[in-house]
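Here are the chains, one letter per residue:
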Amino acid sequence: MSGKQNMDGAQALIHTLENLGVEYIFGYSGGAVIPIFDAIVTTKTKIKLINVRHEQGAVHMADGYARATGKPGVVLVTSGPGAGNAITGLMTAHMDNVPMILISGQQITSMIGMDAFQETDVINLSVPVVKHRYQIYEANDIPKTVHKAFDVTMNGRRGPVVIDIPKDVSSAPFTGVISLPVTSQLAEPVQTHNDSLKGIAEALSGAKRPLLLVGHGVLLSDASSKLHEFINTHQIPVVTTLLGKGAFDENSSLHLGMLGMHGTAYANKAIQETDCLLNVGSRFDDRIIGEASQFCDQAVKCHIDIDPTEINKMVTVDHAVVCDAKLALSELQELVDIEPNKAWLSRISELKNEFPLHFTNHEGLSQQAVIEALYQQTNKNNRDAIVTTDVGQHQMWAAQFFKTKSPDNWLTSGGAGTMGFGMPAAIGAQLGRPNETVISISGDGGFQMTQAELATAAIHKLPIKIVILDNKYLGMVRQWQELFYDDRESGVSLEGNPNFVALAAAYGIKGVHITHTEHLDERLTDALDYSDGPVVIWCEVVKTENVYPMIPAGKSYDHMLIEAPTAKLAKPVGST
Amino acid sequence: MKHLFRFELTVEDSTMVVPRMLQVLSRRGFVLRSLNTEQLDDNMLKLQCEVEGAAQWESTLPGLLHKLVEVHSITLMNGSEDE
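Top line first, the protein sequences correspond to chains L and H.
The opening residue of the first sequence carries number 1 in this note's numbering; numbering runs sequentially from there.
The opening residue of the second sequence carries number 1 in this note's numbering; numbering runs sequentially from there.
Check each hint, because a few of them may be wrong.
Said to hold, decoys possible - Taking lysine-lysine pairs in the DSS-like style, the calculated list, with each CA pair at most 25 Å apart, reads:
id	chain 1	residue 1	chain 2	residue 2
1	L	Lys403	L	Lys380
2	L	Lys144	H	Lys46
3	L	Lys198	L	Lys380
4	L	Lys313	H	Lys46
As the list claims (entries may be wrong) - Non-contacting residues of chain H with respect to chain L, defined by C-beta distances greater than 10 Å in every case (computed):
id	residue
5	Phe7
6	Glu8
7	Met16
8	Gly29
9	Leu32
10	Arg33
11	Ser34
12	Asn36
13	Thr37
14	Asn43
15	Met44
16	Lys46
17	Leu47
18	Ala54
Because the hints were derived from the structure by calculation, they are not lab data.
Using N, Cα and C, we set each Cβ at its ideal position, and we do this for glycine too.
Construct the complete structure from the given sequences, taking the supplied hints into account.
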């Protein structure tokens, strides 16, 4: 398509996005993007506009859409505060390598740098939280730039890209070409993998107690089926990071669940006992290594990562390969020659039996009971579910008790730890995968940060299940204050929370209220079966329960607390 | 002990590349010591950079520079010691 049809830059933008297969634009309007919002109407595009209530919500929706579908989410916001409000969402996507395009309107070109109304330097504001930024000065450059941005966001280590378009550019006549071939904007990888991969294969083949550590990179490279093939062939036990959940079926006897600060005790014990750890697609972040010098110090450590700057960043390894996870697993499948070690597999079973996850059923309602019941109900009916979370105690309990069976079904803010992520991410996931059950699990704190998006869910009649685990606390911070700050509470009380069922009703949304375990199954069934729109499931839970196991920040695995400590703990000096 | 590292980049749009380069390098503690530019014939700009940083991260430098988008070439020179 050429620009001879009397098109302007904004219309060229929408046509380009449509050609690239964009289904949804998550957006919030304002002065600098009026031409682009207008073009959504005048082009009669098939792209659907999801009009949100706050830009942070838009970015999290695009994020949830991207994580659930593997396709880039697209966001459209105005200049100044519009772009500013999107920064937290960009940071969230950047930390977790989510593909995303954020298009921001901008003041007219002659006003850039003049401190004009809502004129903010989003190009530099976003530097640390995006993979790349473009500012467009000519309408005819719009298609080329958008194609480049899609290439950048999807290839290599993924991440969000900002495209800033001044209003005079989006309004200017377009005389260019919409459909363009694009060459990659990314430099070639700095390393190849052949020899090092053989080193990893030899290390694994010679191991008596091998263990795989699987991270988000496996999901991002669509390597889950290769991973299953590899693990099932070689019978190597596996632990996952928080973001790696779903890469391998958590119901498998070879799966030990999540490792790290709030990982399962048996995963953490296996980490201490393995003699060869292969990390595929995880960056050895602080939440899983604790005291770096003592992490897995008895084992040969191997690392496969697409980003060379992750090698030896947190943990010094014996063998490293810079490679896409899917390609590496395919080649390793042939190179590894290992007999399943029955004694090691038996030891794994023993650890699971000796240190199971468990919780106490209180007189009231525990968060773990709600999550366990959600899992059992979705699992019982042979349904699978996409689960999104916010950040904090409920996130850790969800990671522990909601077993993820399939890739891209566990959507959570890992690196950034962004409260307010869960419910909007669930909206994006439901739009991307409309036939699947989507459950957002939030605490009362996180939910209230983006609760205005209830309107978005209601307008589009999205059947998401919005679980609010309301303990009237910032629970994880309170837990740290209890354990490490002599139980002095400061800034953690959320007394004054609304009646969330009444809040839901105000948006025309069905609400369910659960306060006791005996009502749990019946009311969850009612909520899960409801499909005419969103449902809010307000669970008033025990207020002061703590998440265990726990490895205090910066401590080695030897310091894992499986139960509440009996002695006073020192303030952690490691990671926050 | 700090080390000096020298490298050259050819870029089309230095306005986009330079802030990102400084940000990416600063995350591993590299500090810019000198930056010279040379306009090339094909509308490209050559950036000649000298950064100071810990020897520990020397092997990371190529990977960090490869994070930059729309950089047409990267040439690394040898590092040298600098107290």
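Violated constraints from the hint list, given by number and in increasing order: 3, 4, 7
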